[in-house]
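Student: Required output: the full structure, derived from the provided sequences and hints.
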Amino acid sequence: MNQPPLLIETLALKAMGCHIQVHLDMTAIKSSYSDIQIEQQLIQLKHDIEETLSNWEQIFSRFKDRSELMCLNRLNQCSESNSQWFTVSAELFEVLKLAVSFIDKTQGLVTPTLLQALCDLGYSQSFETLTTVSIRGQSSSGEPLQHARDIEFRVLADGSHQLKLPRGMSLDLNGYVKGWAATKLAEQISWQHPWQMPCLVDMGGDIAVGVPKDNSGKSPNNQPNNWGVAIARPNALNTEDEKLSEYQSLGIDLAVVALDKGGIATSGQDYRRWKCHDQWRHHLIHPQTQQSAISDVLSATVIADSTLEAEVWAKYCLLVGASEAISWLNQNNLAGLIVDTSYQVVTSHKMTSTMIATS
Amino acid sequence: MTKTPRLAKTVGNKPIKRTTKQTAKKAESYLGVKTAILMLSIIGTMGGWLMLLNQEASSAQVTDQSTVSFEQVVIDNNVVTDTNLANWDEEMAKPMTVSMTTTAGESLTSNASNQNIDISQLRQVNEAAPVPSAPVRVVARTQSSR
Numbered sequence: 001m002n003q004p005p006l007l008i009e010t011l012a013l014k015a016m017g018c019h020i021q022v023h024l025d026m027t028a029i030k031s032s033y034s035d036i037q038i039e040q041q042l043i044q045l046k047h048d049i050e051e052t053l054s055n056w057e058q059i060f061s062r063f064k065d066r067s068e069l070m071c072l073n074r075l076n077q078c079s080e081s082n083s084q085w086f087t088v089s090a091e092l093f094e095v096l097k098l099a100v101s102f103i104d105k106t107q108g109l110v111t112p113t114l115l116q117a118l119c120d121l122g123y124s125q126s127f128e129t130l131t132t133v134s135i136r137g138q139s140s141s142g143e144p145l146q147h148a149r150d151i152e153f154r155v156l157a158d159g160s161h162q163l164k165l166p167r168g169m170s171l172d173l174n175g176y177v178k179g180w181a182a183t184k185l186a187e188q189i190s191w192q193h194p195w196q197m198p199c200l201v202d203m204g205g206d207i208a209v210g211v212p213k214d215n216s217g218k219s220p221n222n223q224p225n226n227w228g229v230a231i232a233r234p235n236a237l238n239t240e241d242e243k244l245s246e247y248q249s250l251g252i253d254l255a256v257v258a259l260d261k262g263g264i265a266t267s268g269q270d271y272r273r274w275k276c277h278d279q280w281r282h283h284l285i286h287p288q289t290q291q292s293a294i295s296d297v298l299s300a301t302v303i304a305d306s307t308l309e310a311e312v313w314a315k316y317c318l319l320v321g322a323s324e325a326i327s328w329l330n331q332n333n334l335a336g337l338i339v340d341t342s343y344q345v346v347t348s349h350k351m352t353s354t355m356i357a358t359s
Numbered sequence: 001m002t003k004t005p006r007l008a009k010t011v012g013n014k015p016i017k018r019t020t021k022q023t024a025k026k027a028e029s030y031l032g033v034k035t036a037i038l039m040l041s042i043i044g045t046m047g048g049w050l051m052l053l054n055q056e057a058s059s060a061q062v063t064d065q066s067t068v069s070f071e072q073v074v075i076d077n078n079v080v081t082d083t084n085l086a087n088w089d090e091e092m093a094k095p096m097t098v099s100m101t102t103t104a105g106e107s108l109t110s111n112a113s114n115q116n117i118d119i120s121q122l123r124q125v126n127e128a129a130p131v132p133s134a135p136v137r138v139v140a141r142t143q144s145s146r
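Chains as they are written, first to last, in the working numbering: chain Y, 1 to 359; chain E, 1 to 146.
Worth flagging that the hints you see were computed from the coordinates, not collected in a lab.
Just so you know, these numbers come straight off a predicted model, no measurement behind them.
The beta-carbon is built from N, C-alpha and C at its ideal position, and this holds for glycine as well.
Keep in mind that a hint or two might mislead.
The following label-pair restraints were derived from C-beta to C-beta distances [as the list claims (entries may be wrong)]:
{"#": "1", "chain 1": "Y", "residue 1": "Lys350", "chain 2": "E", "residue 2": "Ile43", "range": "52 to 58 Å"}
{"#": "2", "chain 1": "E", "residue 1": "Val138", "chain 2": "Y", "residue 2": "Ile43", "range": "44 to 50 Å"}
{"#": "3", "chain 1": "E", "residue 1": "Val138", "chain 2": "Y", "residue 2": "Lys213", "range": "22 to 28 Å"}
{"#": "4", "chain 1": "Y", "residue 1": "Asn330", "chain 2": "E", "residue 2": "Val138", "range": "55 to 61 Å"}
Away from chain E, derived, C-beta distances all over 10 Å, residues of chain Y [unchecked claim]:
{"#": "5", "residue": "Asn73"}
{"#": "6", "residue": "Val88"}
{"#": "7", "residue": "Met169"}
{"#": "8", "residue": "Lys350"}
Tutor: Now the structure itself:
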């Protein structure tokens, strides 16, 4: 049975501090529209995506002083009252509410309240602008962990979104926003756009699959739309490791998985690392120690219903360690792949059935 | 005017009617039995045919695509098997060779002791060919957020 070849168009852009690629399955569209119509539509779509991402960056960036999030943090720091309600955008409200919903599910390990600890460790500006040499960080403030569970939310009758933060709390939503944005974009393209194209949105490694609502993910030939996603081999931690050359010779990818919905995300201590006081730090902070987490997981990849969820679970796997992560993934019937600091690869049961190729 | 003896008439007619009725009843019951036997035989015959047809259909499915014929070749027909353990020859003890040929002309040689045919392999020919899945194109790579 011959099947029509997949016709995929790719839009590449840079926003929110990462390289973004939007892959659109044009197989159904090509037969109904002329090349000129398609080209015009794609230009318009790219423009819309750029506008949306720019808007989100203005809301969520923690490296822009005037972003809504940083304004909120400043206001909360200056606030003398302990019961002040702040009006925020619907997007900030939604992401923070989602972030808070995962606190109990991760035993408090994944929380949006670690901004101060990150800054104390030297990660106070965009990673691209950080030098690889030592950064002068401050010793962690060691303030007692502020419970994000105490954040309050309300929607007023006029539709405005409000939230109340514990006094002095600072928020960092970087660990959630890319996943959330990937899923949102995928939904916009495959649900709200008049052409409802199946798509895959790649936000710098956090990936979402967009499935048109009307055909439940089936392509025109009634087959589920499978997208191949490679799981990259994480960078080696120690460049002087004896096994390094052997490790690097194994290729850049560990495996390929087929995704027809949901999202996939990877979290690791192999990237966003910097030296502070002659010690390597990374951006994954353990909330109890307020320091970069010490873990035997080099990187964790998880597939979930949404990319934000996958991102949270991947971080959780890294924080709890390889052995506990795999049993937790199996208990929750989640597809996950762990690379430990000895470069050993372990997968959950469900991941084995999702993989279509391994290195 | 003669008076018809009502009693005599009545009494005289009764035995005749009873005999007729009994005969009719017997005939009816025989007819019923006959019909039942006829029905049963028809049902039995039909059932038999159906079973035969069914068996034929299922055996035809197995050998439909790949007919396997077994041609047993005994290495030396003249050798008489010696059952005396004292004269036990290990060469003799070797299982006889069975040559299997398929209709495609492929020759499969096996030992008699291994001539059990894996039925699952035969059944495989009846399995529907898997529907080819949609092509998977690798378009992205997941890694720590870049």
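Student: Output the numbers, in ascending order, of every earlier hint that fails for this structure.
Tutor: Of the numbered hints, 2 and 4 do not hold.
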